[in-house]
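Protein chains: 2
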Amino acid sequence: MGALDEGHFNVELKGNGVKLGGCIELGFEEERETTVAIEDAVKVLLQGLGEDINREGLRKTPLRVAKALREGTRGYRQKVTDIVQGALFPESGLESGIGHAGGAGGLVVVRDLDLFSYCESCLLPFQVKCHIGYVPSGQRVVGLSKLSRVADVFSKRLQDPQRLADEVSSALQDGIKPTGVAVILQCSHIHFPNFESAFLDSNHRGWVKVIVCSGSGVFENDKADIWGDFLSLLRFRGINVEKIHPRDSDDKCWCPSQAISKMGATNSGMIAAVASILRSLGEDPLRNELLGTPTRFVKWLMNFKNCNLEMKLNGFGLCRLDAVRSNGNEGIHSELNLPFWSQCEHHLLPFQGFVHIGYISTEGVNPIGKTLLQSMVHFHGFKLQVQERLTRQIAETASSLLGGDVMVVVEANHTCMISRGIEKFGSNTATVAVLGRFSTDPVARAKFLESIPNSATAG
Amino acid sequence: MGALDEGHFNVELKGNGVKLGGCIELGFEEERETTVAIEDAVKVLLQGLGEDINREGLRKTPLRVAKALREGTRGYRQKVTDIVQGALFPESGLESGIGHAGGAGGLVVVRDLDLFSYCESCLLPFQVKCHIGYVPSGQRVVGLSKLSRVADVFSKRLQDPQRLADEVSSALQDGIKPTGVAVILQCSHIHFPNFESAFLDSNHRGWVKVIVCSGSGVFENDKADIWGDFLSLLRFRGINVEKIHPRDSDDKCWCPSQAISKMGATNSGMIAAVASILRSLGEDPLRNELLGTPTRFVKWLMNFKNCNLEMKLNGFGLCRLDAVRSNGNEGIHSELNLPFWSQCEHHLLPFQGFVHIGYISTEGVNPIGKTLLQSMVHFHGFKLQVQERLTRQIAETASSLLGGDVMVVVEANHTCMISRGIEKFGSNTATVAVLGRFSTDPVARAKFLESIPNSATAG
Numbered sequence: 001m002g003a004l005d006e007g008h009f010n011v012e013l014k015g016n017g018v019k020l021g022g023c024i025e026l027g028f029e030e031e032r033e034t035t036v037a038i039e040d041a042v043k044v045l046l047q048g049l050g051e052d053i054n055r056e057g058l059r060k061t062p063l064r065v066a067k068a069l070r071e072g073t074r075g076y077r078q079k080v081t082d083i084v085q086g087a088l089f090p091e092s093g094l095e096s097g098i099g100h101a102g103g104a105g106g107l108v109v110v111r112d113l114d115l116f117s118y119c120e121s122c123l124l125p126f127q128v129k130c131h132i133g134y135v136p137s138g139q140r141v142v143g144l145s146k147l148s149r150v151a152d153v154f155s156k157r158l159q160d161p162q163r164l165a166d167e168v169s170s171a172l173q174d175g176i177k178p179t180g181v182a183v184i185l186q187c188s189h190i191h192f193p194n195f196e197s198a199f200l201d202s203n204h205r206g207w208v209k210v211i212v213c214s215g216s217g218v219f220e221n222d223k224a225d226i227w228g229d230f231l232s233l234l235r236f237r238g239i240n241v242e243k244i245h246p247r248d249s250d251d252k253c254w255c256p257s258q259a260i261s262k263m264g265a266t267n268s269g270m271i272a273a274v275a276s277i278l279r280s281l282g283e284d285p286l287r288n289e290l291l292g293t294p295t296r297f298v299k300w301l302m303n304f305k306n307c308n309l310e311m312k313l314n315g316f317g318l319c320r321l322d323a324v325r326s327n328g329n330e331g332i333h334s335e336l337n338l339p340f341w342s343q344c345e346h347h348l349l350p351f352q353g354f355v356h357i358g359y360i361s362t363e364g365v366n367p368i369g370k371t372l373l374q375s376m377v378h379f380h381g382f383k384l385q386v387q388e389r390l391t392r393q394i395a396e397t398a399s400s401l402l403g404g405d406v407m408v409v410v411e412a413n414h415t416c417m418i419s420r421g422i423e424k425f426g427s428n429t430a431t432v433a434v435l436g437r438f439s440t441d442p443v444a445r446a447k448f449l450e451s452i453p454n455s456a457t458a459g
Numbered sequence: 460m461g462a463l464d465e466g467h468f469n470v471e472l473k474g475n476g477v478k479l480g481g482c483i484e485l486g487f488e489e490e491r492e493t494t495v496a497i498e499d500a501v502k503v504l505l506q507g508l509g510e511d512i513n514r515e516g517l518r519k520t521p522l523r524v525a526k527a528l529r530e531g532t533r534g535y536r537q538k539v540t541d542i543v544q545g546a547l548f549p550e551s552g553l554e555s556g557i558g559h560a561g562g563a564g565g566l567v568v569v570r571d572l573d574l575f576s577y578c579e580s581c582l583l584p585f586q587v588k589c590h591i592g593y594v595p596s597g598q599r600v601v602g603l604s605k606l607s608r609v610a611d612v613f614s615k616r617l618q619d620p621q622r623l624a625d626e627v628s629s630a631l632q633d634g635i636k637p638t639g640v641a642v643i644l645q646c647s648h649i650h651f652p653n654f655e656s657a658f659l660d661s662n663h664r665g666w667v668k669v670i671v672c673s674g675s676g677v678f679e680n681d682k683a684d685i686w687g688d689f690l691s692l693l694r695f696r697g698i699n700v701e702k703i704h705p706r707d708s709d710d711k712c713w714c715p716s717q718a719i720s721k722m723g724a725t726n727s728g729m730i731a732a733v734a735s736i737l738r739s740l741g742e743d744p745l746r747n748e749l750l751g752t753p754t755r756f757v758k759w760l761m762n763f764k765n766c767n768l769e770m771k772l773n774g775f776g777l778c779r780l781d782a783v784r785s786n787g788n789e790g791i792h793s794e795l796n797l798p799f800w801s802q803c804e805h806h807l808l809p810f811q812g813f814v815h816i817g818y819i820s821t822e823g824v825n826p827i828g829k830t831l832l833q834s835m836v837h838f839h840g841f842k843l844q845v846q847e848r849l850t851r852q853i854a855e856t857a858s859s860l861l862g863g864d865v866m867v868v869v870e871a872n873h874t875c876m877i878s879r880g881i882e883k884f885g886s887n888t889a890t891v892a893v894l895g896r897f898s899t900d901p902v903a904r905a906k907f908l909e910s911i912p913n914s915a916t917a918g
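Respectively, the protein sequence lines represent chains A and B. If you count the first sequence from 1, position 274 lands on 274 in my numbering, and the numbers rise without skipping. To get my numbering, take the position in the second sequence, counting from 1, and add 459.
Note that these hints are calculated values from the structure, not bench results. Ideal Cβ placement from N, Cα and C applies to all residues, glycine included. Honestly, I wouldn't trust all of these hints.
To be verified - Partial selection, computed: residues in chain B whose CB lies under 8 Å from chain A:
id, residue
1, Leu572
2, Trp666
3, Asp684
4, Arg848
5, Gly895
As the list claims (entries may be wrong) - One-sided and incomplete, this derived list gives chain A residues near chain B with beta-carbon spacing under 10 Å:
id, residue
6, Gly99
7, Leu234
8, Val241
9, Leu291
10, Cys344
11, Glu388
12, Met407
13, Ala433
Using the sequences and the hints, build the whole thing.
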């Protein structure tokens with residue numbers, strides 16, 4: 001075992017007071033106990049949300065959440081040495097002339113690695129576009145895929161972007177012993193609206209982004225010329241050097257949960273349950289960065305509490321009256337790109353995207369106004385959901401508001417499609433509901449579908 | 460076990476005369492025997508290429524290839540029922556009015572799933588962008604990730620695009636019993652230049668592409684209106700309906716290996732080795748579609764035979780003379796986007812991309828001509844390589860042709876980064892070599908790097 005062994009890992013763990021110690025690989029029995037402990041905690045959370053844990057869609061949710069969390073934090077149980085060992089290959093440098101290449105001094109860059117990690121501030125997954133450069137030395141190079149695998153070990157832990165970049169960079173420096181390592185991460189965190197503010201402010205859009213970098217060896221000085229070469233090879237990737245988050249910034253944590261408003265009393269049983277999940281994953285809930293995490297996660301979750309629904313229901317009843325008055329020329333109208341947030345009831349993970357509503361109206365205008373439609377969308381989004389049901393519920397409500405001829409398309413990015421074994425990063429999902437004339441008239445459907453703009457779901 | 464059990468799989472296997480029968484899961488011992496058998500076959504291939512199988516970079520190549528092939532064909536050992544079972548959820552349809560949504564008739568589309576598969580015609584991996592739509596019935600929907608997982612089972616076999624689409628579509632139809640399933644695959648296969656033609660024709664570029672579709676239930680009729688809805692939701696993805704490959708086309712197989720020229724005697728020991736690999740994976744080398752596969756794979760491989768190098772070496776010697784004559788104004792010049800193909804010696808898998816060469820010259824023109832530089836790039840590409848070494852070798856040869864001040868950037872897509880456990884689809888790699896003044900002058904480097912266009916490596 002070299003410098004990149006569990007020393008680094010153990011020091012970090014000890015520093016954080018985590019008790020895993022040297023026991024990295026859990027036995028089958030321990031594995032099962034951990035899973036059961038997380039399941040029990042998830043049941044507490046579901047009950048705190050006012051849900052029936054025996055309802056069909058939720059019955060296996062605790063197990064699914066436990067498996068996803070274990071899988072998503074497997075980096076705590078992986079050793080970097082196992083990955084790098086045996087993947088260092090001798091490559092001679094340039095044979096003649098002054099210069100650098102091959103196994104000596106020629107920059108190697110692997111770009112656009114898709115990763116995800118869990119935010120230590122709120123427990124939600126965030127996406128990472130990772131770029132790694134290193135300058136070989138000692139006439140040896142590392143197998144290209146190992147750069148990705150090492151980054152993966154550290155991303156599969158509870159993280160903060162800067163720490164993730166620092167850990168990847170120093171683990172590669174220790175493991176490959178190159179002239180230097182540079183890491184740039186483009187991180188995207190789902191926006192964190194709360195139930196109240198979303199109804200007031202429909203401009204909240206998808207993602208909070210941050211770019212961080214870390215360097216070791218010749219990259220340690222961030223003014224070094226070699227950074228220029230590295231950044232040149234990352235052009236066209238939306239990396240604005242000016243916007244790289246300064247390490248010593250006084251900015252508060254990037255996680256939008258830090259700004260979440262106080263919203264009444266929080267359920268101490270739920271908070272204790274989240275703390276027990278942290279312990280089950282091998283973390284220490286008393287580590288400084290994790291102190292408020294259970295509370296923040298519960299606050300996020302409570303946005304999707306079932307009984308929040310009643311609150312707004314009356315509003316819709318009133319508006320139905322307006323929709324009846326209509327005459328004039330019939331036509332297909334649409335309200336496009338209404339943002340929504342929801343929580344997948346199968347995995348307790350957010351999905352987020354846009355709703356497009358088409359309707360046939362004798363008036364040229366939306367009889368009830370875009371703002372009310374947006375509120376209706378949030379109304380159905382803010383609970384534990386599946387996208388198919390959300391689409392149907394929006395269509396039924398829209399039908400009562402806009403007349404019976406309604407078509408609804410929901411386009412969404414599902415965190416559960418990236419943050420588990422499946423890891424299908426670019427994928428997204430569209431669901432359709434048709435009511436009235438739209439169900440029998442393909443031309444009407446086509447006309448509405450054509451009006452939907454591209455990339456509504458793009459991060 | 461429902462209709463989507465191994466019946467489908469066994470029938471297919473029996474039809475192909477494969478002897479796996481009901482024994483899908485191999486025991487540890489059998490697993491080890493299979494791996495060793497593939498390793499032995501790979502050693503025969505390496506020796507046939509004139510390589511020393513004990514050389515450092517190649518020592519573990521047989522094991523790496525065996526593991527990658529086993530992993531990449533794990534679909535032969537997976538059951539679709541295991542995936543879909545327990546992931547069907549009750550969802551009611553629309554409660555009022557005429558229409559479709561939720562668990563009854565509302566289209567559900569999962570888009571942009573990245574997959575890879577192995578081409579049954581040549582054994583090289585190909586990339587797949589997969590889009591799946593289905594119309595729920597019986598008031599039940601399937602967990603969204605299961606669509607991806609089922610597609611993955613069939614992609615992890617030796618495949619042809621149309622068959623892959625058909626198998627995914629019929630497995631989902633059998634497993635979910637919906638009103639219908641639609642599958643569209645955008646497949647990209649690495650181009651298959653042979654050593655001879657690449658030197659003659661530098662217009663050969665990256666990828667051979669094909670779009671296929673398959674439908675069942677309401678999608679069985681490809682003129683059905685519902686196809687219009689599905690395709691509308693796939694707009695902006697470069698799917699030109701006109702270009703969907705007709706199922707009953709007389710076109711020969713899409714795989715470029717089918718058009719490869721005869722190139723002398725082939726090594727019967729190598730061909731037998733590939734046939735034994737097919738058997739180890741659970742396939743039948745006598746299945747119709749696989750009959751020529753070992754020969755085609757060996758022909759591809761022989762492009763990268765070590766001794767091909769000698770053949771062209773003299774050509775470069777002659778040209779060096781030209782490069783000396785130069786005077787006038789000094790400046791940084793570049794030859795950009797020189798395509799190359801090479802074969803990763805760690806995984807016996809192709810990597811492919813573009814070479815950019817910068818040099819400082821007192822003349823305003825490339826003293827030896829782009830064609831010769833292109834030949835030099837092919838010369839170094841067509842062997843078992845690692846990208847770092849390729850970059851260094853090109854730089855050293857370019858230095859002797861263009862004067863001592865040379866900078867080389869190689870940008871490549873590595874099949875080994877997508878077609879194994881790692882599956883980092885969008886990633887690509889840049890390597891840099893600098894010689895002479897470029898190694899000390901960051902401004903010269905920056906000027907050359909800025910001249911490199913975007914997306915040279917894009918598929």
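Against the structure, the hints:
With a cut of 8 Å, the hint placing Leu572 (chain B) at the interface with chain A holds, because the nearest CB-to-CB distance is about 5 Å. The criterion of a C-beta within 8 Å of any C-beta in chain A is not met by Trp666 (chain B), whose closest approach is roughly 17 Å, and the hint is violated. At about 4 Å, the closest approach between the beta carbon of Asp684 (chain B) and any beta carbon in chain A falls short of 8 Å, and the interface hint on this residue holds. With its C-beta approaching chain A no nearer than about 6 Å, Arg848 (chain B) sits inside the 8 Å limit, and its interface hint holds.
Among the interface hints, the one on Gly895 (chain B) holds; its C-beta lies about 6 Å from the nearest C-beta in chain A, closer than the 8 Å criterion. Among the interface hints, the one on Gly99 (chain A) holds; its C-beta lies about 4 Å from the nearest C-beta in chain B, closer than the 10 Å criterion. Annotation: Leu234 (chain A) was flagged as interfacial toward chain B, and the flag holds, the nearest CB pair being 9 Å apart, inside 10 Å. Because the closest C-beta pair between Val241 (chain A) and chain B is about 13 Å apart, greater than 10 Å, the hint is violated.
Taken as an interface hint, Leu291 (chain A) does not check out: its beta carbon lies about 33 Å from the nearest beta carbon of chain B, beyond 10 Å. Interface restraint check for Cys344 (chain A): the shortest CB-CB distance to chain B comes to about 9 Å, inside 10 Å, so the restraint holds. A distance limit of 10 Å between C-beta atoms decides the matter here; for Glu388 (chain A) the minimum to chain B is near 5 Å, and the interface restraint holds. Because the beta carbon of Met407 (chain A) sits about 9 Å from the nearest beta carbon in chain B, less than 10 Å, this interface hint is met.
For the restraint placing Ala433 (chain A) at the interface with chain B, the shortest Cβ-Cβ distance is roughly 3 Å, inside the 10 Å limit, so the hint holds.
Checked against the numbered hints above, the structure violates hints 2, 8 and 9; every other hint is satisfied.
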